[in-house]
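> In case you want the letters, here they are:
2 protein chains.
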Amino acid sequence: MLAIVITRRELLSSMVAVSASAVLPDLSFAQARSSDLRINADRLRHSLEELSVFGRPAGGTFSDGVSRVAFTDADFAGRNYAMQLMRAFGMEPRIDPAANIFGLRPGSAHNLKPILFGSHIDSVPSGGNFDGDLGSMSAIEVMHTLKEHGVTTRHPLQMVIWTDEENTFAGSGSAAGVLQPADLSRVRIGISLAEGLRKVGGNPTRLAEARLSPGAFHCYLELHIEQGGILYKANVPIGVVEGIVSIDEYDVEIRGFANHAGTTPMKERHNALLAAAKLIEVVQEVVTREPGRQVGTVGRLQVFPNAPNVVPGLVKHSIELRDLSEETIARLGNEIQKRAQEIARDTGTEIIMEKAEHDAPAGADLEMQAKIEVAATELGLKTMRLPSGAGHDAQMMAKIGPIGMIFVPSVDGISHSPKEFTRWQDCANGANVLLRTILLIDRATP
Amino acid sequence: MLAIVITRRELLSSMVAVSASAVLPDLSFAQARSSDLRINADRLRHSLEELSVFGRPAGGTFSDGVSRVAFTDADFAGRNYAMQLMRAFGMEPRIDPAANIFGLRPGSAHNLKPILFGSHIDSVPSGGNFDGDLGSMSAIEVMHTLKEHGVTTRHPLQMVIWTDEENTFAGSGSAAGVLQPADLSRVRIGISLAEGLRKVGGNPTRLAEARLSPGAFHCYLELHIEQGGILYKANVPIGVVEGIVSIDEYDVEIRGFANHAGTTPMKERHNALLAAAKLIEVVQEVVTREPGRQVGTVGRLQVFPNAPNVVPGLVKHSIELRDLSEETIARLGNEIQKRAQEIARDTGTEIIMEKAEHDAPAGADLEMQAKIEVAATELGLKTMRLPSGAGHDAQMMAKIGPIGMIFVPSVDGISHSPKEFTRWQDCANGANVLLRTILLIDRATP
Numbered sequence: 001m002l003a004i005v006i007t008r009r010e011l012l013s014s015m016v017a018v019s020a021s022a023v024l025p026d027l028s029f030a031q032a033r034s035s036d037l038r039i040n041a042d043r044l045r046h047s048l049e050e051l052s053v054f055g056r057p058a059g060g061t062f063s064d065g066v067s068r069v070a071f072t073d074a075d076f077a078g079r080n081y082a083m084q085l086m087r088a089f090g091m092e093p094r095i096d097p098a099a100n101i102f103g104l105r106p107g108s109a110h111n112l113k114p115i116l117f118g119s120h121i122d123s124v125p126s127g128g129n130f131d132g133d134l135g136s137m138s139a140i141e142v143m144h145t146l147k148e149h150g151v152t153t154r155h156p157l158q159m160v161i162w163t164d165e166e167n168t169f170a171g172s173g174s175a176a177g178v179l180q181p182a183d184l185s186r187v188r189i190g191i192s193l194a195e196g197l198r199k200v201g202g203n204p205t206r207l208a209e210a211r212l213s214p215g216a217f218h219c220y221l222e223l224h225i226e227q228g229g230i231l232y233k234a235n236v237p238i239g240v241v242e243g244i245v246s247i248d249e250y251d252v253e254i255r256g257f258a259n260h261a262g263t264t265p266m267k268e269r270h271n272a273l274l275a276a277a278k279l280i281e282v283v284q285e286v287v288t289r290e291p292g293r294q295v296g297t298v299g300r301l302q303v304f305p306n307a308p309n310v311v312p313g314l315v316k317h318s319i320e321l322r323d324l325s326e327e328t329i330a331r332l333g334n335e336i337q338k339r340a341q342e343i344a345r346d347t348g349t350e351i352i353m354e355k356a357e358h359d360a361p362a363g364a365d366l367e368m369q370a371k372i373e374v375a376a377t378e379l380g381l382k383t384m385r386l387p388s389g390a391g392h393d394a395q396m397m398a399k400i401g402p403i404g405m406i407f408v409p410s411v412d413g414i415s416h417s418p419k420e421f422t423r424w425q426d427c428a429n430g431a432n433v434l435l436r437t438i439l440l441i442d443r444a445t446p
Numbered sequence: 447m448l449a450i451v452i453t454r455r456e457l458l459s460s461m462v463a464v465s466a467s468a469v470l471p472d473l474s475f476a477q478a479r480s481s482d483l484r485i486n487a488d489r490l491r492h493s494l495e496e497l498s499v500f501g502r503p504a505g506g507t508f509s510d511g512v513s514r515v516a517f518t519d520a521d522f523a524g525r526n527y528a529m530q531l532m533r534a535f536g537m538e539p540r541i542d543p544a545a546n547i548f549g550l551r552p553g554s555a556h557n558l559k560p561i562l563f564g565s566h567i568d569s570v571p572s573g574g575n576f577d578g579d580l581g582s583m584s585a586i587e588v589m590h591t592l593k594e595h596g597v598t599t600r601h602p603l604q605m606v607i608w609t610d611e612e613n614t615f616a617g618s619g620s621a622a623g624v625l626q627p628a629d630l631s632r633v634r635i636g637i638s639l640a641e642g643l644r645k646v647g648g649n650p651t652r653l654a655e656a657r658l659s660p661g662a663f664h665c666y667l668e669l670h671i672e673q674g675g676i677l678y679k680a681n682v683p684i685g686v687v688e689g690i691v692s693i694d695e696y697d698v699e700i701r702g703f704a705n706h707a708g709t710t711p712m713k714e715r716h717n718a719l720l721a722a723a724k725l726i727e728v729v730q731e732v733v734t735r736e737p738g739r740q741v742g743t744v745g746r747l748q749v750f751p752n753a754p755n756v757v758p759g760l761v762k763h764s765i766e767l768r769d770l771s772e773e774t775i776a777r778l779g780n781e782i783q784k785r786a787q788e789i790a791r792d793t794g795t796e797i798i799m800e801k802a803e804h805d806a807p808a809g810a811d812l813e814m815q816a817k818i819e820v821a822a823t824e825l826g827l828k829t830m831r832l833p834s835g836a837g838h839d840a841q842m843m844a845k846i847g848p849i850g851m852i853f854v855p856s857v858d859g860i861s862h863s864p865k866e867f868t869r870w871q872d873c874a875n876g877a878n879v880l881l882r883t884i885l886l887i888d889r890a891t892p
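Heads up: the protein sequence lines correspond to chains U and F, in order.
Reading the first sequence from the start, the letters are residues 1 to 446 in the working numbering.
Reading the second sequence from the start, the letters are residues 447 to 892 in the working numbering.
The shape of chain U in the complex, shown without the other chains (with noise of 0.2 Å):
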């Protein structure tokens, strides 16, 4: 229980009178006890088990993952049950606003900024144990452990369960000034994201107060599951994300005539599903014709009216590209509403294609990549720079100050599903890197 301060010159010469040389062996011997101290594995991975039992499925098993939707019954025990463990080894959690729950574990140098990291806790419905469970339980691990060794960092240190990420960010949107008070009105699961917020502690009239302004911390870093299966594939433990795409996704409108299937030739139809195949497969050709990480989907279609013998009438589907370069996408956007417009053409079709949202890319703060990366090879890891398809809460900390985001392999790339598992030894691996990783930002604050 040994109090290992992380010092910085600046304080230490401005608040006591020591020698350089009396300083050296302080750091040296902070650093040496810092690169010793690890997480505890057990007790992350016992607090990912009892995280689980909220939106288990009944009767299920860890294994059947979760059902934690935000806003939820689930989800207000789930959170009840994060603040239950801060409080366990004596750190109040806070309450804003947007509802997202905060821990605050003071540095010694009172006029740095804190360092921000966590995750969320939400889930999609039929999720799995470790989208945001893993970086939000290995955030209280970080704190729990620096507290029981008697660590005390330079810089404040901030950590955050945000608010649904799964479906509105509206936890790390109101952070970063994103979300509209028009949003407040959208319903879900029968309750208006006001009322959600309301139920799980927040306070939608002052919203306002959540926002953090740039620069408001010092930086902010994630772990999170990688959700696709590169690092499985490859057998890298540690994942330095690049950055996380941007998303351009567009919602199709394809209007033939809806007419008899048995007595309409072949030649007079206007079939809007015919027309959305070809859609389909031009969407596949034109995102994988070149080389890169990009990719398009084609995931919700509708058909109307969806009955056997009705050559359809009408289809509405979305088109979702993402790439780290914007350029790319809409470039590739381009290039299929052109290839559209020929289909519109050959199937007697009208083909309405419209952008219904753009996420801008959010890229990773170098200095962060670079740290993350020496933290884990430090810790004998070895690590691989990718991009992240899936969006995350540190995209929206991206708009207000530098970001780092560290990944862990999910085994066979399977996330979103009960199926999503990332080992236990990787699940500890990452918390090991965020916390080395906090150490060596503060560490390096001149």
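It is possible that some hints are incorrect.
Think about it this way: if two alpha-carbon atoms lie no more than 25 Å apart in a straight line, the pair counts; the simulated DSS-like pairs of lysine-lysine are [claimed, not checked]:
#1 F:K679 to U:K267
#2 F:K762 to U:K316
#3 U:K233 to U:K113
#4 U:K267 to U:K316
#5 F:K865 to U:K267
#6 F:K679 to U:K419
#7 F:K784 to U:K233
#8 F:K865 to U:K316
#9 F:K713 to U:K419
These are calculated hints, taken from the structure and not from any lab test.
These numbers come from a predicted model, not from an experiment.
Keeping the supplied structure of chain U fixed, place chain F upon it in accordance with the hints.
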């Protein structure tokens, strides 16, 4: 109000002692008179307009179409209207256990089987005012015309309004012995078929009594709108149906793997919707690459989980193939099945394509086709032979006796839509051809 008795030589010779010369003038007189006989076009239009009220959208007009789904209150009211029309000129309707409405007009020759004709008055949801209604109201109109002109045929004339053509063929299917007891428990629009039959006057426990034995009728005639655009486009007022096409309906299930649309590289995907898109194009290609009137349709398609940001893991869709030749559609189905397995290999998916339904073709009787042509020609109306791509009660009757079908043009080929329309002159033409064909058949019996 002169009674015109269309007689048969055998009957005359067996019942009354007359010379051949005495018979011939009678016949030619009768022929001359029956050639002049016309239905009342205004009355037919009036009854179609009055019937259209039952199931009309609130506040709508005739051109807003009708939702008279079988067994709904609208169907019940429409049936009552039809029976009231029959009673108005002295025809007492009879309801059989399958809730079919029959109206009998005795013939002069008691050993001849009835000439059966009619259609249905139930509609699809948001359907039109001609599909079924025209044949039903024309059947009543033919009976009314014969009554007011005092014409007695040699064959008894039996008109019929069949129950629930649009969904279960409950009426004509029971008459043909096709409906199974298990079908009675099928639930639709909230009630079982048994309950539905009971609601409109049927008796499901005695359904077997609704069955007509083969040879129970001399022939079956049905006037119907084409529900396609062939006659309308060719500007031909009367279609002579060669037969009702055979239908093969397949259920297709494409099993891929649902995964995150942002984190799953294109090459790692098992995209069920991409596979479906390729299969939809294959259906189009296989069906259209050889000459003929065969059609193929993917009309119903569902995507799971159907979210913009999830690679589709499962797609279920229908494939429906139609042609007068069941060998043709069997061959096309086999070819599509083969190509589906190639697509499965190429896309890393599993494709299960299973036949869900097979309707045998129902050929129209060649003699009856010829009679319809003669009747139309005598009325100065051009004819065209064509298959019926749509199913009709006539296909059930074809299982137990010779059938003939008369088509009239649908404007722009539109049907199963509020926009369904058949010009009033075409309606009258169809009813007159029906009347004249009945009289020709009646006269032709040796």
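> Report the numbers of all earlier hints that the structure fails to satisfy, in ascending order.
3, 6 and 7
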